Each structure stands twice: as C-alpha cells, then as structure tokens.
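**Student:** Residue-level listing of the chains:
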Amino acid sequence: MTAPMTASGARSAGTAASRSARVDRSIARILRAGTLVSIGLLAVGVALLAIAGGSPLERTLPGLDPARIPADILALRPEGFLWLGLLATLATPLLRVAASVVGFLGAGERRMAGLGVAVLIVIALAVVIAQGPAA
Amino acid sequence: MTVLLLLAGGGFGAGVFGSLLGLGGGILIVPLLTFGFGLDFRAAVGVSLVCVIVTSSAAAGVYLERHLANLRLGMLLEVFTASGALIGGLIAFLLPDRVLAGLFALLLVYTAVTMLRRRATSAGGASPSIENPDDAAGAAGAAQAPGPFRAALAGPGYRPVRLGAGIGGSVFAGVVSALLGVGGGIVKVPLMHLVMRVPLKVATATSNLMIGVTASASAIVYLLRDGINPLVAGPTAVGVFAGAMVGSRVAQRIDVRLLRLLFVAVLALTAVQMTLRALG
Chain U
0 MTAPMTASGA RSAGTAASRS ARVDRSIARI LRAGTLVSIG LLAVGVALLA IAGGSPLERT
60 LPGLDPARIP ADILALRPEG FLWLGLLATL ATPLLRVAAS VVGFLGAGER RMAGLGVAVL
120 IVIALAVVIA QGPAA
Chain B
0 MTVLLLLAGG GFGAGVFGSL LGLGGGILIV PLLTFGFGLD FRAAVGVSLV CVIVTSSAAA
60 GVYLERHLAN LRLGMLLEVF TASGALIGGL IAFLLPDRVL AGLFALLLVY TAVTMLRRRA
120 TSAGGASPSI ENPDDAAGAA GAAQAPGPFR AALAGPGYRP VRLGAGIGGS VFAGVVSALL
180 GVGGGIVKVP LMHLVMRVPL KVATATSNLM IGVTASASAI VYLLRDGINP LVAGPTAVGV
240 FAGAMVGSRV AQRIDVRLLR LLFVAVLALT AVQMTLRALG
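From first to last, the protein sequence lines stand for chains U and B. For the first sequence, position 1 matches number 0 in numbering that gives the first Met the number 0, and the numbering has no gaps at all. For the second sequence, position 12 matches number 11 in numbering that gives the first Met the number 0, and the numbering has no gaps at all.
No lab work stands behind these hints: they were computed from the structure. Here the structure is a predicted model, which means the values were calculated and not measured. All C-beta atoms, glycine included, are put in the ideal place defined by N, C-alpha and C. Incorrect hints may have been included.
To give an idea of the chain U side of the interface with chain B (calculated C-beta under 8 Å), a few residues [stated by the list, open to error]:
| hint | residue |
| --- | --- |
| 1 | Arg24 |
| 2 | Ser37 |
| 3 | Pro55 |
| 4 | Arg58 |
| 5 | Leu60 |
| 6 | Ile72 |
| 7 | Leu89 |
| 8 | Gly115 |
| 9 | Val121 |
| 10 | Leu124 |
| 11 | Ala129 |
Derived list of chain B stretches under chain U, where covered just means 3 residues or more per stretch with a C-beta under 8 Å from a C-beta of chain U [unchecked claim]:
| hint | region |
| --- | --- |
| 12 | 103-110 |
| 13 | 175-183 |
| 14 | 231-243 |
Simulated coverage check for chain U against chain B, where a stretch passes if three residues somewhere in it have a Cβ under 8 Å from a Cβ of chain B [what the hints assert, rightly or not]:
| hint | region |
| --- | --- |
| 15 | 39-49 |
| 16 | 93-104 |
Starting from the given sequences, assemble the full structure and let the hints guide the process.
**Tutor:** What follows is the structure, encoded as structure tokens:
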C-alpha cells in the first residue's frame with residue numbers, strides 16, 4: 000500500500016530520479032573511458048613486448064618506479080606502457096568512487112558522499128600499509 | 000613470442016568462458032597461470048586481480064547505464080569489501096603458497112556445487128520467489144521502519160534488508176577476493192540476493208560494480224609489494240578483455256547448459272590438482 004503522493008512530492012521524486020540517472024551516466028562514461036585507456040596502454044605494451052621478442056616469463060623487472068615511466072614511454076620500452084596501463088587499471092574504479100562523491104555532494108546526499116570518502120580512505124590506508132615492511 | 004601469445008590466448012579463453020557462465024575470470028586465471036605457466040600462487044593472484052578489475056570496469060559501465068546496478072547499496076557495501084580486501088591482501092603475504100592453494104581448492108568445489116545447483120534449479124522450473132515482498136523475510140524487512148538512509152538504498156520494487164549481515168558478508172567477500180584473486184561475486188551475489196533480498200539482476204550488477212574497488216584495494220597491496228608482474232599481467236588482461244567482449248556478444252546465441260556441465264568437470268579436476276598442490 001502506498002500513500003498518495005502530492006504534486007510537489009512527485010516532482011521532487013522525479014528530480015531525484017533524474018539526478019540519480021545523471022550520476023549513473025557520468026560514472027558509466029568514466030568507467031568506459033578508464034577501461035579503454037587502460038587496455039589501450041596495456042595493448043601497446045604487449046605489442047612492443049612482442050616486437051622485442053623473448054619470453055615474458057624469463058625477464059625480470061625491477062618493482063614499480065613511477066619516476067621511470069615517462070622515460071620508458073618516450074623510449075618506447077614496453078614496461079613503461081605496461082606499468083602505466085596497470086596504474087590506469089587500478090585507478091579507474093577509484094575515479095568512479097571520486098566521481099560518485101562529487102555527484103552525491105552535488106545532489107545534497109552527504110551520507111552517500113561520506114561513504115565514498117570512506118572507501119577512498121581505505122584505499123589510502125592500503126597504499127600506506129603496503130609500503131610498510133612485509134612480515 | 001609463443002609464451003606471450005599463449006598468455007593472451009589463455010586470458011581470451013578465460014574471458015569468453017567467464018562471460019558466458021557469468022563468472023569473473025579469476026577462478027580460471029589463477030589455475031591457468033599456476034598450472035599452465037608455472038607461476039607461484041601469489042604471483043598468479045596478483046595478475047588475476049588486474050584482470051578482474053578490467054572486466055568489472057567494462058561491465059559495470061554498461062550495468063550503470065541500464066540502471067541495473069544499485070550505486071548507493073554498492074557504495075555502502077564496498078566500504079566493507081575494500082576493508083576486507085586490504086586485510087586479505089596483507090594476510091596473503093603471510094600465508095604459505097600451499098595454504099592458499101588449499102583455500103582455492105575449497106573455492107573451486109564451492110563454485111562447482113553452486114553451478115550444479117543453479118542448473119538443477121533452472122531445470123526444475125521457477126526458482127523460489129524470493130523477490131516476493133509477501134514472503135517471510137520480505138515481511139520482516141517491511142516491518143522495520145525505513146530510516147532515510149535505508150530508504151536511500153531502495154530500488155524499484157525492493158528494499159534491502161539485514162544490512163548488518165550484508166556488511167559482515169562483504170568483509171568476508173573482500174578477504175576471499177584478495178586471498179584468491181577472484182572478484183568475490185560468488186559470495187556477494189548470494190549475499191545480496193538471498194540474505195538482503197535484492198533482486199538477482201540487481202545483485203549481479205551491483206556486485207560487478209563493487210568488484211573493481213574491492214580488487215583495487217588488494218591489487219594495490221600486491222603491486223606495492225612487487226606481487227604483480229606487468230609482463231605477465233599485460234597480455235593476460237588484454238586477452239581477458241577481448242574474450243569478455245566476444246563472450247558477451249555470443250552469450251545469447253549459445254546454449255550454456257552443456258558448457259556449464261563441462262565447466263563443472265574442469266573445476267572439479269582443477270580442485271583435485273589444487274588439493275594435491277596444497278598437500279605438497
């Protein structure tokens with residue numbers, strides 16, 4: 000059983016729904032763009048790896064060093080594109096969360112925006128803790 | 000060059016099968032990399048997490064545009080899946096390979112049983128009406144006065160119930176995802192659908208949306224602890240992405256019942272191999 004809705008109530012529900020749809024659409028665009036960029040970078044890295052030859056299982060790379068990525072990319076070394084592709088892959092869902100926070104704040108939904116911030120805090124904690132010494 | 004093609008081809012196969020059977024690729028990629036390419040378990044999990052993020056991001060965009068995913072419910076639960084994933088990612092570096100392989104064998108058995116039960120349910124006609132608001136749990140949920148926050152999580156024709164159980168289960172799903180390199184949908188979908196009374200399609204779409212953030216939280220730990228080899232992750236992820244695209248396009252034209260049976264057999268065999276690995 001639903002209570003009858005007033006005209007202003009119906010209008011505000013309609014506005015909220017269209018706002019929500021707008022947030023969904025813009026987040027979907029971010030996810031699609033992020034995926035395309037990540038896969039594009041990884042695909043270029045794989046192509047360069049194929050040109051370089053050799054088995055990827057036999058090569059060892061030093062760990063991630065973001066400062067080296069621009070130089071590797073300019074020199075068309077596969078690892079530069081692969082590292083950047085990996086970073087873009089990991090960043091895409093986080094951009095989605097950041098965009099949700101902005102969208103919810105714009106819609107006045109502070110609690111939902113707070114949840115997004117909480118997710119980003121957990122991710123920041125992961126970065127800090129992972130850089131600490133492994134047991 | 001051959002190994003590169005095999006990695007991309009293996010990823011492609013995992014992407015196609017995962018997409019056809021409604022699974023993330025993780026359950027296939029980890030055995031592929033450990034048994035097929037001799038990677039140690041943790042290295043395979045790191046690569047698998049990257050692949051899982053790629054497929055999740057690609058599919059989640061589509062689900063959001065079709066308004067199938069519940070973004071608000073996803074945001075609430077992913078605080079806890081991400082926390083679980085952070086914990087799981089840290090635990091993964093403390094556990095021996097053999098323990099992880101044993102846990103993965105258990106996951107394979109659970110997945111195989113779930114798929115067999117799904118097949119039995121669809122063969123037996125309509126599944127139990129769990130979207131009916133008049134059933135016992137629906138009535139229990141309706142009896143709770145919906146606060147503004149709970150109301151914000153509702154979708155057309157449903158309102159999630161038992162948030163506490165959903166939150167606890169989400170932490171567990173995050174730990175499983177991080178330890179075993181899977182998306183965790185195998186935990187999240189039943190949790191949302193059967194426990195929180197969210198319609199199956201919405202639960203599947205929302206789980207997919209959450210997988211990206213969950214896997215990112217643990218993948219960051221793997222990445223910063225040198226647990227992801229980009230030379231392996233690159234070709235595998237590109238293959239998985241291409242395979243998932245192809246799988247989603249042919250899914251409507253393929254009868255997946257036989258495929259599912261075949262897949263259950265593969266899962267069972269892989270579970271035996273993983274168990275042997277765990278036993279050393």
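**Student:** Evaluate each hint against the coordinates.
**Tutor:** Verification of the supplied hints:
1. Here the hint on U/Arg24 is kept, as its CB sits about 6 Å from the closest CB of chain B, short of 8 Å.
2. Here the hint on U/Ser37 is kept, as its CB sits about 7 Å from the closest CB of chain B, short of 8 Å.
3. Using the Cβ-Cβ criterion of 8 Å, the hint placing U/Pro55 at the interface with chain B is satisfied: the shortest such distance is roughly 4 Å.
4. Hint status for U/Arg58: holds, given a least beta-carbon distance of 6 Å to chain B, under 8 Å.
5. The interface hint given for U/Leu60 holds, since its Cβ lies 6 Å from the closest Cβ of chain B, which is under the 8 Å cut-off.
6. Nearest Cβ of chain B to the Cβ of U/Ile72: about 13 Å, over the 8 Å cut. The hint is violated.
7. Taking 8 Å as the C-beta contact cut-off toward chain B, the hint placing U/Leu89 at the interface holds, the least distance being around 5 Å.
8. Of the supplied interface hints, the one on U/Gly115 holds, with its beta-carbon coming within about 6 Å of a beta-carbon of chain B, less than 8 Å.
9. For U/Val121, the shortest C-beta to C-beta distance to chain B is roughly 4 Å, which falls under 8 Å, so the interface hint holds.
10. A hinted interface residue such as U/Leu124 counts as satisfied when its beta carbon comes closer than 8 Å to some beta carbon of chain B; here the least separation is about 6 Å, so the hint holds.
11. Checking U/Ala129 against chain B by beta carbon gives a least distance of about 4 Å; that is within 8 Å, so the hint holds.
12. With 0 residues carrying a beta carbon less than 8 Å from a beta carbon of chain U, the region 103-110 of chain B misses the three-residue requirement, and the given coverage is violated.
13. Only residues whose beta carbon comes within less than 8 Å of a beta carbon in chain U count, and the region 175-183 of chain B has 0; fewer than three means the coverage is violated.
14. For the region 231-243 of chain B, the assignment as covered by chain U holds, since 7 residues bring a beta-carbon within under 8 Å of that chain's beta-carbons and 3 suffice.
15. Chain B is given as covering the region 39-49 of chain U, and this holds because 6 residues of the stretch bring a CB closer than 8 Å to a CB of that chain, at least three being needed.
16. Given a C-beta distance limit of less than 8 Å, the hint that chain B covers the region 93-104 of chain U holds, as 4 residues qualify and 3 suffice.
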